[in-house]
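J.: Heads up: the protein sequence lines correspond to chains A and B, in order. Heads up, the final residue of the first sequence is numbered 810 in the working numbering, and it's a clean run with no missing numbers. Heads up, the final residue of the second sequence is numbered 367 in the working numbering, and it's a clean run with no missing numbers.
No lab work stands behind these hints, which were simulated from the structure alone. Where is the CB? At the ideal position from N, CA and C, for every residue including glycine. Please note: incorrect hints may appear among the correct ones.
[Stated by the list, open to error] Derived CB-CB ranges, DEER-like:
| # | chain 1 | residue 1 | chain 2 | residue 2 | range |
| --- | --- | --- | --- | --- | --- |
| 1 | B | V288 | A | N675 | 39 to 49 Å |
| 2 | B | P140 | A | E313 | 21 to 31 Å |
| 3 | B | I51 | A | E313 | 23 to 33 Å |
| 4 | B | Q309 | A | E668 | 48 to 58 Å |
| 5 | A | S737 | B | Q145 | 24 to 34 Å |
| 6 | B | Q340 | A | W315 | 26 to 36 Å |
| 7 | B | P247 | A | G137 | 43 to 53 Å |
| 8 | B | A232 | A | A153 | 40 to 50 Å |
| 9 | A | L757 | B | T150 | 44 to 54 Å |
| 10 | B | R77 | A | K545 | 24 to 34 Å |
| 11 | A | A656 | B | K71 | 45 to 55 Å |
| 12 | A | G136 | B | Q340 | 38 to 48 Å |
| 13 | A | Y660 | B | S275 | 30 to 40 Å |
| 14 | B | T150 | A | S737 | 33 to 43 Å |
[Stated by the list, open to error] Chain B stretches covered by chain A per the calculated footprint, using a threshold of three residues with CB under 8 Å from any CB of chain A:
| # | region |
| --- | --- |
| 15 | 174-186 |
| 16 | 357-364 |
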Amino acid sequence: MAVQIPTQAQSQRPRALSILLDYMTTTDHKKIGILYIVTAILAFAVGGLLAVALRLQLAVPNNTLLVGQTYNQVLTLHAAIMIFFFLIPIGLFGFGNYFLPLMLGVRDVALPRVNTFAVWGFVFSLVLVVVAMLNGGAPGVGWTFYYPMSVDANQTGVAVLMVALILNGISSLLGSANFAATVINMRAPGMSLWKMPIFVWSVFATSMLQLVSLGGLTAAALVTYLELKVGVSMFNPAIGGVPVLMQQFFWFYSHPAVYVMLLPYLGIGAEIASTMARKPLFGYRVMVYSLLGIVLVSLLVWLHHMFAVGIPESWQIAFMVATMIVAVPTGVKIFNLIGTLWGGRIIMKTPTYWLVGFIFNFLIGGITGMSLGMIPFDYQVTMSYYVVAHFHNVMMFGTAFLAMGGLYYWWPKMTGRFLNEKLGMAHFWLFMVGSWMTFLPQYVLGLLGMPRRYYTYPDGNFAWNELNLVSTVGAFFLLAGGMVWFWNMYQSFQRPITASANPWGGFTLEWTAASPPAEYNFAHDFPKSFPTERPLYDWEQSGTKLRPVDPSTIHLPVSSWGPFITAVSLLLMGWGLAFGWFSGYHPQGTPAPQLSATILLYLSIPLFLYGLFKWAGTREYDVPVEHHTLTKYDNGFMGMAWFILSEISLFGVLIAGYVYLRVTGHAEPPAMRPNIWLAALNTLILVSSSFVIHRAEQDQHHHRMTRARLGLFIVLAMGALFMLFQIYEFSLFGKESNWTQNLWQSCFFIIVGLHGLHILIGGTGVAIPYFQAMTGKIDKTNHGSITAASLYWHLVDVVWLLIIAIFYVW
Amino acid sequence: MNTLTRQFFSRALPSATLLLGSAALAQQTINVGDLNSSYNRNIWYMSIAVIVMAILIFVGVSYALFYTVNKFREDKRSAEPEQFHGNNRLETVLIVVPVIIVTIITILAARTMAIVNPTPKDALHVNATGAKFWWAFEYPESKVQGGTGTVTNGNELVIPAGRQIAITATAKDVIHAFWAPNLGGQRDAIPGSKKTWQIDTDKPGVYQGNCTVLCGPSHANMRFKVVALPKAQYDTFIAAAQAYKAPAPVSTSEKNGYTIFMQGKASAGAAACLSCHRIQGTQAAGAVGPDMSFFGSRNTLGAGIYEGQARINHIKPWIKKCVDLKPGCLMPAYEKLSDQDLGDLQAYLLSLKLPENASYWGKVPVR
Chain A
1 MAVQIPTQAQ SQRPRALSIL LDYMTTTDHK KIGILYIVTA ILAFAVGGLL AVALRLQLAV
61 PNNTLLVGQT YNQVLTLHAA IMIFFFLIPI GLFGFGNYFL PLMLGVRDVA LPRVNTFAVW
121 GFVFSLVLVV VAMLNGGAPG VGWTFYYPMS VDANQTGVAV LMVALILNGI SSLLGSANFA
181 ATVINMRAPG MSLWKMPIFV WSVFATSMLQ LVSLGGLTAA ALVTYLELKV GVSMFNPAIG
241 GVPVLMQQFF WFYSHPAVYV MLLPYLGIGA EIASTMARKP LFGYRVMVYS LLGIVLVSLL
301 VWLHHMFAVG IPESWQIAFM VATMIVAVPT GVKIFNLIGT LWGGRIIMKT PTYWLVGFIF
361 NFLIGGITGM SLGMIPFDYQ VTMSYYVVAH FHNVMMFGTA FLAMGGLYYW WPKMTGRFLN
421 EKLGMAHFWL FMVGSWMTFL PQYVLGLLGM PRRYYTYPDG NFAWNELNLV STVGAFFLLA
481 GGMVWFWNMY QSFQRPITAS ANPWGGFTLE WTAASPPAEY NFAHDFPKSF PTERPLYDWE
541 QSGTKLRPVD PSTIHLPVSS WGPFITAVSL LLMGWGLAFG WFSGYHPQGT PAPQLSATIL
601 LYLSIPLFLY GLFKWAGTRE YDVPVEHHTL TKYDNGFMGM AWFILSEISL FGVLIAGYVY
661 LRVTGHAEPP AMRPNIWLAA LNTLILVSSS FVIHRAEQDQ HHHRMTRARL GLFIVLAMGA
721 LFMLFQIYEF SLFGKESNWT QNLWQSCFFI IVGLHGLHIL IGGTGVAIPY FQAMTGKIDK
781 TNHGSITAAS LYWHLVDVVW LLIIAIFYVW
Chain B
1 MNTLTRQFFS RALPSATLLL GSAALAQQTI NVGDLNSSYN RNIWYMSIAV IVMAILIFVG
61 VSYALFYTVN KFREDKRSAE PEQFHGNNRL ETVLIVVPVI IVTIITILAA RTMAIVNPTP
121 KDALHVNATG AKFWWAFEYP ESKVQGGTGT VTNGNELVIP AGRQIAITAT AKDVIHAFWA
181 PNLGGQRDAI PGSKKTWQID TDKPGVYQGN CTVLCGPSHA NMRFKVVALP KAQYDTFIAA
241 AQAYKAPAPV STSEKNGYTI FMQGKASAGA AACLSCHRIQ GTQAAGAVGP DMSFFGSRNT
301 LGAGIYEGQA RINHIKPWIK KCVDLKPGCL MPAYEKLSDQ DLGDLQAYLL SLKLPENASY
361 WGKVPVR
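Bound-form chain B, shown alone (with noise of 0.2 Å):
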């Protein structure tokens, strides 16, 4: 049963919606009915008896509606109507049936919320940080190994499938939300407040999230990707990101962007990204923007708007002047810096890379 409902949902609802538009090929299906997540199935178990008293409410009062008007209407009648002022009997069945549907309805979600609430003892624990526009995904349990504080990524969360992940959401600067929808509910991130919750998915695959409070103009570009690993998968990868010290640059390239990451071009007017970057392993340790670690792992640039090829193409437009990619975008213009040395930056970035048999893309399908 429970695979059978879990076929229906993650097939039916998207077919159903795909009669309503073209068959378009789609490349991720962002589905609040996906059922491979428990979040989503206590939901589902919750609503089939409600839907189903939903649909026989819609279509009782709408009969009754449309009967009425029908049978009554001028044309079809002549006689002067009776004057009646109520119906004492039906007016009381009238109010006591809603009160005790709604009554069915909030014992059903109350004893889902004791389900799907309480954190469990063994749930692997996230920090997420908002900030505008932008996520950082922070492991407290794994600490970087011969150095100080823990595994960071930006904009892309790696977890294990088959696990509950218990997310603590706070936010830098104004409100925002996490919502990866195929994997849980959503929980504001607010500053100066820690909120913790669960999301889960047995099948691993590269699921979408978003924000969802507005958070100023660039709102609809805070966009992050969530990796779920089959377990093994995730275990090698966070005991590499554990043990991750960035390699030294190499070519010529890589070390003039090594230079200007660490210490700035005065003569370009850019400051070191290191006073706002970090990478683990290095002496840069700047919090206010994301953590550049695995930058050459990732396949998202600017909070998920850029993926794949697109994202190599706009790293150098990016750094130049990232509001014209992104409107409201925090990261000052480095327009000065020579297409030579943007380069010598995109060729240092994306040297910063895990181990090859602990890098989570390409390893599980977009779902």
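In isolation and in its complexed conformation, chain A is listed as follows (with noise of 0.2 Å):
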């Protein structure tokens, strides 16, 4: 072997490509949060420079800067980018993946290589939607993709952002999924979950509101996609379909959205308050009943987004008070914020300014909140500019100030560098005053009448001229915050690190890791006693000390390529869905599918199931470790069982548009529909099954491997029978009659189809398990993914009950 000399070029080069390869294959859970904190910052730098590019052509009246459609594509991507690239990931991914096991004192989330596919789903369906402009265009339909524009033949990029957003979704709720498990099977021994940190308690909440929410933009997404694709639609008033039922399906989603932007940054405010007041918070415990609260009411407030649309009177009302219910929890958590300050010596650093900040302009977003839910008033101002300041109010200059605090205040810790204190003050007042100009000439507007979403406005309306130029020179004091924060952020890694293990001595365990924190987080042991939410101030008290532990002792998750090439292969399968089909059908109106997409689109499903049993044939460690669980279940089982709380909720929400449709006499059977007696067999041959892998599992429990192989392979062959069967049944139900014309068909081919997208899942989720016995991976130590799996496909067949009931017997 010849001798390397690395001169300089070189060994700079393979670094950031070492890196780069690092941060594909890693399960480290800091590393994943970075990558979701980067590509979120990213995305907000792009976000905000559309929203400058709005800003600019409504400078002045009759601008002809973005015209038209050009305006349209811009409005939404800004919206999309903002919402699901910023917002979201950053407080509940970002800060979420790098703390929460931090803070619970353990060394990795549940599902370490699930998170790995997680951030690169999420990371691809961005991708998948910053490509596809240079392919078709961008979507033009705003972030709503209200139906039926979302169809309109003129229309760009809906298909593609339809499977960017749903793609996006399958990540976000694995992710959500994990965290849950991780809250509930891995926190330090000793800390019960009323003395888990409450950022922690804000992440589980707004993870069990992803888990039980997410599933109405899933399902507004799919039906969207499958009407452009092939025809089929639950909306279309030609067939008898209703397109608000649209909008209740995305507003059942899209409203707690509105909390998943806000809990976790809730969870960093009141981390923030503590610690720089150097006190307990206020009312802890009614802090996590104002969080679960806050979850349980923001399900039963969708429609408020809708009352203009005129659904009957009763359900306004019913609405209404359910909208003004959840300000309760929300004012709790304001006033215990200030509690929490209160009595204090309140450390006045860039965090505590946010924080302030925050909780200031977050006020002022909280009471026009509360003028919108008066039902007579939002008739008059819902989707005008009121609507827009009120929602950039909570967002923008509200949870965003908590998500640049998060960032200050954790930045020591996670890169072990100080951001300057200087500049983040001109970067926080720039954003402060930047906000008020660009947000606060928009309620007058809204008041004078300026709808949303408007590119352009005429000469002559009573002062629109100079509340628009106001808003649009605020947009530049933002424009110039954001440059600061960069520059910040980019000089802070110009200096060497000088953070030590605790810089704003706060009290939860992630200060107690070393800034940045080793691999393996923790070179000690934390005592088993946690007197209250805050450890660090309680032992000190008590002069409990740290036990440390040798860290060669310490075994982590190894890296792996699976994961990665799995979410590669989703993203070329959401490239080819997006552009192409699995054959040249197109329904009237709609782009023919690209060949090159479908060439990709049938590349992606050997590329998927080469890298999921890759990632499955492969063990989490290298060398057996114990796992310890706090309960009884594995964190496969564990992850699974909140994973398909989900599942519940998809098949909940299209299941309830059908029965709506149904029961209103909207969607009524056509002559010729599906025969029982195949159904019922194929509901023989799914309830056989589901014995079936019940018997495997405790098989392979009592060690029993043959047999255990045996009932596994029987399972699969029993899902071939059922999927041929169904296959049969829809193939002759197509040619009876034309799908497009009939909503009930529609509706069957839809809810029916994907439950038969779900055997295709659940069986290779069977199959998983089966190549690990196969290939001797699963042993008395090491379980593989059989009790996930044969949850699953319990849930599949569940399902398939509810079907025969709705679809075959009704």
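Once you've looked at the hints, go ahead and assemble the two chains, each given alone in its own frame, into the complex.
T.: Written out as structure tokens, the structure reads:
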């Protein structure tokens, strides 16, 4: 082997490459958190520049910088990027991944490789949206993609937005299930749920909310996508569908999404308040109950986005009541933040300023939000700039301020360096003044009748010109603030690592790790007594010491290419599904599938299976380690149990939509409909397969591996048989009548078809432990993924029983 | 008290906002606080108490916040803070008080809803149909005399002042929404569905309306005017509109324009205008594009994007290629029509006038 003499250039390049390779395969929750945060910050930059472009167009009346569809595309991307790629991920998944295990005093999340897959799925959904602009244009339908505009023949990029949202959603759900499983299964010994830091609680609550509600968005995106690709529809008024049903699906998620964009930040704010005021939280339990209360009530308020639709008054009032109720726990959070600061010794550093700025701004946003809850007033100003001002008030100069606060607060922990205080203050004040200048005039614009999403406005409307100009100038303050912020982060990396483990004097476990933390997080174990949610304070008072651990005895999950390859295959599949199709078929008025995309679609399937089985075929740890879980269930089962909530929600939303259409008489079955006898046979097959897989699971548990393998094989065979019968039935029914012309048939194909897809997914899930068993990866200490696969298979079975009831029997 | 608040709101809100900008002479003041509408008055009565509470909450909480931060900041306090975990009595108060407040607000809102939502029996019914990117306003109670159909107008809604107008909204293609802030709230116009609600004003005038649900490239160009006439003038208008028969073309120019409208011009590849547009009292009965019956009496073109003289100037370019003037406009381009033909079409269209006493423009001021 020749001796390599490293030159300056050579030693630089491989370093960047090796960092990239490391991030592709890593299972380290901290690196994954960083990946989320970096992606989110880049997305914020892109979304911010798009916003400046929008404001430039609106600076003067009759401007021609961005006209018509171009403006709509910029508007759509601004919103979609800011929501799905900045505000939702940075708090929940960025800070969540980085700090949830650290705060729980553990060394990783419950399912580290699922985490790797989730982060790359997230990154690739952004890649998909951005690269798609080069091929067939950007979506111009608003991030809300209201039907029927979303299927309008003149629209572009809707299919790719739908696919990207679904991919983003899958990643998001896996991430959320992972957090929930981590919280239940993996806290430091002795830390009960009621001693967890408030940020952990907020991430846990948000994860539950995601799992329960995200099905709505997936349903809306899926049905819209299917109409574009195969012509089935639940919304098309020409065949009796209801366009507003799409909005119901959409807001069932997208209202709770507002709280997904709020709760993690309230957690961050509470951590900052407690640390900076050198005091415990004011009313910790009440704050947790408020979090859970918000989760519950926020699921029941989505209709307030749709008051002007004209839904029956009694429903409107019911949802108004819920909307008003949700203000109470939100108010509690604000009062308790002030209560935490009261009587403290407040360290006035940048994180504190962001917190105080947040509370003040959020107060305005909360009050205007209440005004929007009053239905008669809402009829007036909904869809006007008043609403634009309100939601930027809660998001942009509300929760995003706490995203900044969290970044300034945890920056020393994540990088070992400090952000410059002076630059930080400049950033803060530019954002503060910029936000007020940009958005407060928009409240007035709304009252003066300016509708939202207008690319132009005429000269001569009272005060519109002046207010719009002020708003545009404000946007440049925000741009300047963003530039100061980027400079601040850049200059911080030019300095050496100087931060101590606990620079702010924080009270939670992450502050016992080095800054930045070592790969194994802690070179010590924690005492088993957690008197309050502030262990470091309590231990200092009682003189309890941490017990050092030799880092060489710590085993961490190994890196793996499997999750990354699987995520890449989903990127290719997403591209193929957006621009290609399995065949040349396409409904009238939609573009023909592109051949290259179709080829990618076919190629992505073997790549997906390769990645997945490579992943499943390698063990999580190099050496056999004993897993300590707080419950008797392993992490795979626990993660799946939480994930299944989202599947129930997806089917629940779709089935509720179908039942509504059926009960109101919109969806009547055609004369020729699928026969019960074949479905009955399929039921028999599926129900027995559930018993077989349960048996196989028991066999595996008792180490009867041959029988377990046989059982899994039988389940796979039964699943295949089920699929064969179903394909036969679908082809028959598809030929009998035109699915684009009958609402019931459309609903049948959408919901039963989605169940068929779940049989495929579940079948692949069952094939994994079979493969693990065949290659000797399952033994006494390694359980593989049989419990998770079995649980999922049972779900598919239960959903089928529901489908039998509503499509075959009814 | 009534007129006082009315005056206060119609003057105070605009002048308060005027302070933020220059004193440019405004031609149109769109304002949800226009208390000439009973709808807006009801909202105002509902809001007074709420605004007072909102101000109290805003001042109280921000005072508490800044007082706390200022009093307990590090440089003013050296003592280690007392480590207390909460205060049950205070927390109870901070839950109970908001519950009381939101209960009051909810009751106020529900009560106002009960006043403004039901359609009164004596309301005038108008159907508003949204399409990309214009509005059709149809008067279902006003049948055309000696013909079929009902009185219909495009993008200009004429109503009597002082009466509740029950609007039933629907849409032809995608979802739109009707909003004339000075007269009342918004409602979505949804394909396959009909929703009815009321608008009204006591004060005759020309008011501005807009589409508020993103509907495509020209969402911002989907405007309309609401012309509120005194009752007597409205009655004259609607009677004349019911009796209206399009005047026969007089000049050569108008006659040529009439021919192109009714038959198209094959040599220039132009289809007949009547396949999409209706003119009351002629064979033209198309329902795809806006109704042209009173085109000569109107003041706007392209769903309100051109007014007055600008409207006249843009008729020819509009027929030639409307997409250049309005993104996403669905009317086909007729680029091969000669300037002469376009001029003739313009002459014919402008001749389509209501009788002078029934014309609704110029009789009430722009508000």
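J.: If I claimed the Cβ atoms of Q309 of chain B and E668 of chain A lie 48 to 58 Å apart, would that claim hold in this structure?
T.: holds (56 Å)
J.: Range first: 21 to 31 Å. Now tell me if the beta carbons of P140 of chain B and E313 of chain A are that far apart.
T.: holds (24 Å)
J.: Taking the beta carbons of R77 of chain B and K545 of chain A, is their distance inside 24 to 34 Å?
T.: Check passed, 30 Å falls within 24 to 34 Å.
J.: Is the hinted range of 30 to 40 Å satisfied by the C-beta distance from Y660 of chain A to S275 of chain B?
T.: Since Y660 of chain A and S275 of chain B have Cβ atoms about 39 Å apart, the given range 30 to 40 Å holds.
J.: Verify the coverage statement for the region 357-364 of chain B against chain A, using a C-beta to C-beta distance below 8 Å and requiring 3 or more qualifying residues.
T.: violated (count 0)
J.: Is 26 to 36 Å a correct range for the gap between the Cβ atoms of Q340 of chain B and W315 of chain A?
T.: Check failed, 59 Å falls outside 26 to 36 Å.
J.: A range of 33 to 43 Å was offered for this pair. Does it hold for the Cβ distance of T150 of chain B and S737 of chain A?
T.: Since T150 of chain B and S737 of chain A have Cβ atoms about 38 Å apart, the given range 33 to 43 Å holds.
J.: Is the listed coverage of the region 174-186 of chain B by chain A valid when you require three or more residues with a beta carbon under 8 Å from a beta carbon of that chain?
T.: holds (count 9)
J.: Using the C-beta atoms of L757 of chain A and T150 of chain B, is the stated range 44 to 54 Å upheld?
T.: This hint holds: roughly 50 Å between Cβ atoms.
J.: Looking only at beta-carbon atoms, does the pair A656 of chain A, K71 of chain B fall within the given range of 45 to 55 Å?
T.: The hinted range 45 to 55 Å holds for A656 of chain A and K71 of chain B, with Cβ atoms some 52 Å apart.
J.: Taking the CB of I51 of chain B and the CB of E313 of chain A, does the distance hold inside 23 to 33 Å?
T.: With a Cβ separation near 25 Å, I51 of chain B and E313 of chain A satisfy 23 to 33 Å, so the hint holds.
J.: Taking the Cβ atom of P247 of chain B and the Cβ atom of G137 of chain A, is their distance within the range 43 to 53 Å?
T.: This hint holds: roughly 47 Å between Cβ atoms.
Against the hints set out earlier in the document, violations occur for numbers 5, 6, 16.
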